[in-house]
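Trainee: Taking the hints into account, I'd like the entire structure generated from these sequences.
What follows is the residue order along each chain.
Number of protein chains: 2
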Amino acid sequence: MNQQIILKERPVGVPDKSTWELIETPISDPGEGEILVEQYYISLDPAMRGWLNDAKSYIPPVGIGEVMRSGSAGKVIKSNNPKFKEGDYVYGWGGVQQYSVSDGASFYKVDPSLVSLTVYTGTLGMPGMTAYFGILEVGKIKKGDIVLVSGAAGAVGSVVGQIAKIKGCTVIGIAGGPEKCKYLIDELGFDGAIDYKNESIRDRIKELCPKGIDVYFDNVGGDILDHALAALRMHARVVICGAISQYNNKKAVKGPSNYLSLLVNRATMQGMVVMDYAKDYGKAGMEMGMWMAQGKLKSREDVYEGIENFYDTFLRLFSGQKMGKLILKIGSEQ
Amino acid sequence: MNQQIILKERPVGVPDKSTWELIETPISDPGEGEILVEQYYISLDPAMRGWLNDAKSYIPPVGIGEVMRSGSAGKVIKSNNPKFKEGDYVYGWGGVQQYSVSDGASFYKVDPSLVSLTVYTGTLGMPGMTAYFGILEVGKIKKGDIVLVSGAAGAVGSVVGQIAKIKGCTVIGIAGGPEKCKYLIDELGFDGAIDYKNESIRDRIKELCPKGIDVYFDNVGGDILDHALAALRMHARVVICGAISQYNNKKAVKGPSNYLSLLVNRATMQGMVVMDYAKDYGKAGMEMGMWMAQGKLKSREDVYEGIENFYDTFLRLFSGQKMGKLILKIGSEQ
Numbered sequence: 244m245n246q247q248i249i250l251k252e253r254p255v256g257v258p259d260k261s262t263w264e265l266i267e268t269p270i271s272d273p274g275e276g277e278i279l280v281e282q283y284y285i286s287l288d289p290a291m292r293g294w295l296n297d298a299k300s301y302i303p304p305v306g307i308g309e310v311m312r313s314g315s316a317g318k319v320i321k322s323n324n325p326k327f328k329e330g331d332y333v334y335g336w337g338g339v340q341q342y343s344v345s346d347g348a349s350f351y352k353v354d355p356s357l358v359s360l361t362v363y364t365g366t367l368g369m370p371g372m373t374a375y376f377g378i379l380e381v382g383k384i385k386k387g388d389i390v391l392v393s394g395a396a397g398a399v400g401s402v403v404g405q406i407a408k409i410k411g412c413t414v415i416g417i418a419g420g421p422e423k424c425k426y427l428i429d430e431l432g433f434d435g436a437i438d439y440k441n442e443s444i445r446d447r448i449k450e451l452c453p454k455g456i457d458v459y460f461d462n463v464g465g466d467i468l469d470h471a472l473a474a475l476r477m478h479a480r481v482v483i484c485g486a487i488s489q490y491n492n493k494k495a496v497k498g499p500s501n502y503l504s505l506l507v508n509r510a511t512m513q514g515m516v517v518m519d520y521a522k523d524y525g526k527a528g529m530e531m532g533m534w535m536a537q538g539k540l541k542s543r544e545d546v547y548e549g550i551e552n553f554y555d556t557f558l559r560l561f562s563g564q565k566m567g568k569l570i571l572k573i574g575s576e577q
Numbered sequence: 244m245n246q247q248i249i250l251k252e253r254p255v256g257v258p259d260k261s262t263w264e265l266i267e268t269p270i271s272d273p274g275e276g277e278i279l280v281e282q283y284y285i286s287l288d289p290a291m292r293g294w295l296n297d298a299k300s301y302i303p304p305v306g307i308g309e310v311m312r313s314g315s316a317g318k319v320i321k322s323n324n325p326k327f328k329e330g331d332y333v334y335g336w337g338g339v340q341q342y343s344v345s346d347g348a349s350f351y352k353v354d355p356s357l358v359s360l361t362v363y364t365g366t367l368g369m370p371g372m373t374a375y376f377g378i379l380e381v382g383k384i385k386k387g388d389i390v391l392v393s394g395a396a397g398a399v400g401s402v403v404g405q406i407a408k409i410k411g412c413t414v415i416g417i418a419g420g421p422e423k424c425k426y427l428i429d430e431l432g433f434d435g436a437i438d439y440k441n442e443s444i445r446d447r448i449k450e451l452c453p454k455g456i457d458v459y460f461d462n463v464g465g466d467i468l469d470h471a472l473a474a475l476r477m478h479a480r481v482v483i484c485g486a487i488s489q490y491n492n493k494k495a496v497k498g499p500s501n502y503l504s505l506l507v508n509r510a511t512m513q514g515m516v517v518m519d520y521a522k523d524y525g526k527a528g529m530e531m532g533m534w535m536a537q538g539k540l541k542s543r544e545d546v547y548e549g550i551e552n553f554y555d556t557f558l559r560l561f562s563g564q565k566m567g568k569l570i571l572k573i574g575s576e577q
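From first to last, the protein sequence lines stand for chains H and Y. Under this note's numbering, the first residue of the first sequence is numbered 244, with each subsequent residue one higher. Under this note's numbering, the first residue of the second sequence is numbered 244, with each subsequent residue one higher.
Be aware that a few hints might be false.
Same chains, same label: a pair holds when it works inside one copy or across any pair of copies.
What the hints assert, rightly or not - Listed below are the simulated BS3-like cross-link pairs for lysine-lysine, each with C-alpha atoms no more than 25 angstroms apart in a straight line:
(1) K522 x K449
(2) K454 x K299
(3) K572 x K410
(4) K321 x K541
(5) K497 x K299
(6) K449 x K494
(7) K497 x K449
(8) K449 x K299
(9) K386 x K541
(10) K251 x K383
(11) K440 x K386
(12) K318 x K526
(13) K385 x K454
No wet-lab data here; the hints were simulated from the structure. Predicted, not measured: the structure shown is a model, and the values here were computed from it.
Mentor: Structure representation (C-alpha cells):
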C-alpha cells in the first residue's frame, strides 16, 4: 500500500490537524513511458504553505484531495521509460507519499555516492538553487559588499551566506536563538550573527553593519524587512525570496513601512522564483558541488522520521525548531 | 527689501501657519564671483515636504531659520561672475525669496523666447527630468508596454504618461476628479484614466488593464500602490518616485501589503532621485524640447501669485487643487 498525505481543507492561518489527511491507496503500476519511484526523503519547505492557498501565484495551488506537493528523493523501482532504469536514484517532485508514479519529466537522476540523498533535497536541490541564483543573479553581489541575510540558519539562508563569503563579502546572518547564531559564525564562517529572538535587531544591525547594507536577502518579511530597509546603502539590492513570518497571517501581509528607503538610496527590491533559472541548474549544481568537495560550502540537514509525523514536522518550519534543511524520512532501502 | 519665506518650526503632519514665516531683509549685494537674481517664479513640489523633516535623506533638511529651499526662475540683475551677465534668465535653486545671491553654481541659463519661464520649472525642469529618467531609465519602457501612472495630472505624472505614449505604450493615468481625468484623455492622449476620488481603483485597473501592468510609476504610495502591485505582470517594473499620500503622516508610512507580488511576478521595485541623472539633463532637455516643438509633449502650469500666499498655495500639492505644475509667481519684469 502507498501511504499518502492529501490536502483535506485549506487552512486559515496556521495549518491544523484537519488540513491534511493520511490515507492509504494501492500502489499504482507505472503505465507506458512511466516510472514508479519509492520515496525515501520528503523536502519540507516554507513555499509549501503558499501552495495551500487558493490564490493566483507562480504555480497553481494544491487541489483538495490531491497529494500534497513536495520535493522528494528516492529510487526508481519500475521503469517503462527509456530515460530511467530500475535502481536509478532520483530527485524531483514526487509529493508527500511513499510511492509516486509519473512520466519522469519532473525527476532527474542523482548520485548518492557523491553526496547523500538528503543533500539533493537541500544544498544541491531547490533551496540551494534558490540561494545561488538569488544572491548572484538578483542580489548581484560583488567582492566587499556587506550582505545581510534573514532565515540565515535555514536551507536557503545558510547557502546564501556561504556563497557570499566565497565571493568575498562581509556576511551578517539573522537567526533565532544562540545555538543557530553560534552555528553561523563557528561552522559557516559568517562575520556576525543577530539573534532576533533575544537581541534588538535594529541596534545589532547598526553595530554589525555601521556603514549599512549593500545586499539584503529576505526570507522572512515583517519587521526584520523593515529594519533591513532602514539600513540600506546607496544602490542597495533587496532580494525578496520569501516572507515566512507572514505566511500564516489571518490578516493582510505587513507591508514594509520603510520602503521609501528604496527612493532615498536609489535601491532596488526584486522578487525571484527559482524555477526561472532551471536551464542553469546544471552549472550551479556543478559549482556548488565543487565548493562542497573543497570544504567551502557546508550542508546541514535536519531529518525527522515517519510520514505520520508530517504535520508536526512541517510546523517546525514556522516555529524555527530545526537547523538547516528540514527533511522527513519516509522510507529506506531494504 | 527682500521678502523671504523662512522655516520657523518643523511640522508634525500637515504644515500649518507656524511652519514658515514671511520676513523682510535688505537685499544683499553680490560679492566676488557672485550673482544677484531677481526671482519671478517659485517651483512648488511635493519633495519640499520631505525637506522639512529632520531625518537622513538624499539631501540635508532645510534648517530652522533658513530660507525655504525651492526651485526658482528669474533674471540676473547684478553679476560679478564671468559666466553670467545682467539680463540673463536663469533657473535654479534660489529658494522662496524675491532675491537670491549665490555663486551661480546652482543656476543655469534659460531662454524664455523658446518656452516661457514657467515651463523651465516644470516640464523642462526638475519634474520633467524626473519623469524622463524615471520612466525611461528606471521603468525601462518598451513599445507595447502597459503603463500605469499615479499623480497623472501632476507635473511629473503628466510627462511620464506623455513620454510613454510617444514610446508606443498603452497608458492609464490615476488622478483625482473628472476634470483631471478628462484632461488626461482629451488633452494628453492617455488611453484611460481612473478617478481615484470617485471610482473603485481596483475595479477600474482590472477593467482598463485586463492583462495587468508592465510598468507602474508611483508618485503617491498608500492604497494606490497596493492596487497597482496586485495587477503586476511578469517582470514588471515599479518606479518609486514619491509617496505624496504619506508625506504628512503622523504615524508610520503605510508599507505596501502586496509587495509579495514582486516575488510571484519576478518584478522589481526601484527608487530614484532625479539629481543622479544631472550629467544627462542636457540630452533630456533637448529631446523634450523637440517633442514640445512638435506638439507631442504638452506642458501645463498652474500659477498662483504673491509670496504672502506661499503657505496656502503649497497646500494645494496635497489637496490636489491644482492642475499640472504648481507655481508661485512672486515678481515680474518691470
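Trainee: I want to check one pair: K251 and K383. Are their C-alpha atoms no more than 25 angstroms apart within a copy, between two copies, both, or neither?
Mentor: The answer is neither: 41 angstroms in one copy and 45 angstroms across copies each exceed 25 angstroms.
Trainee: Is the C-alpha distance from K497 to K449 at most 25 angstroms within one copy, between copies, in both cases, or in neither?
Mentor: Intra 23 angstroms, inter 24 angstroms, cutoff 25 angstroms: intra and inter.
Trainee: Is it within, between, both, or neither for K321 and K541, if the alpha carbons may be no more than 25 angstroms apart?
Mentor: Answer is neither: 34 angstroms inside a copy and 71 angstroms across each miss the 25 angstroms cutoff.
Trainee: Given a CA cutoff of 25 angstroms, do K572 and K410 count as a within-copy pair, a between-copy pair, both, or neither?
Mentor: Cα proximity of K572 and K410: none, with 34 angstroms in one copy and 56 angstroms across.
Trainee: At most 25 angstroms between CA atoms: does that hold for K318 and K526 within a copy, between copies, both, or neither?
Mentor: Answer is within: at 24 angstroms inside a copy they meet the 25 angstroms cutoff, but 63 angstroms across does not.
Trainee: Is it within, between, both or neither when you check K449 against K494 at 25 angstroms Cα-Cα?
Mentor: between (31 angstroms within a copy, 23 angstroms between copies)
Trainee: Reference check for the pair K385 and K454, CA-CA at most 25 angstroms: within, between, both, or neither?
Mentor: Within one copy only: 16 angstroms inside a chain, 37 angstroms across chains, cut-off 25 angstroms.
Trainee: One pair to classify: K522 and K449, alpha carbons no more than 25 angstroms apart. Within, between, both, or neither?
Mentor: Neither: 39 angstroms inside a chain and 34 angstroms across chains, both beyond 25 angstroms.
Trainee: Using 25 angstroms as the alpha-carbon threshold, which applies to K440 and K386: within, between, both, or neither?
Mentor: neither (30 angstroms within a copy, 49 angstroms between copies)
Trainee: Is it within a copy, between copies, both, or neither that the alpha carbon of K386 lies no farther than 25 angstroms from that of K541?
Mentor: Result: close within a single copy only, 21 angstroms intra versus 47 angstroms inter.
Trainee: Within a copy, between copies, both or neither: which one fits K454 and K299 at a CA-CA cutoff of 25 angstroms?
Mentor: between (39 angstroms within a copy, 14 angstroms between copies)
Trainee: Indicate which option fits the pair K449, K299 if close means a Cα-Cα distance not exceeding 25 angstroms: within, between, both or neither.
Mentor: Answer is between: at 15 angstroms across copies they meet the 25 angstroms cutoff, but 38 angstroms inside does not.
Violated hints, in rising order: 1, 3, 4, 10 and 11; the structure is consistent with all others.
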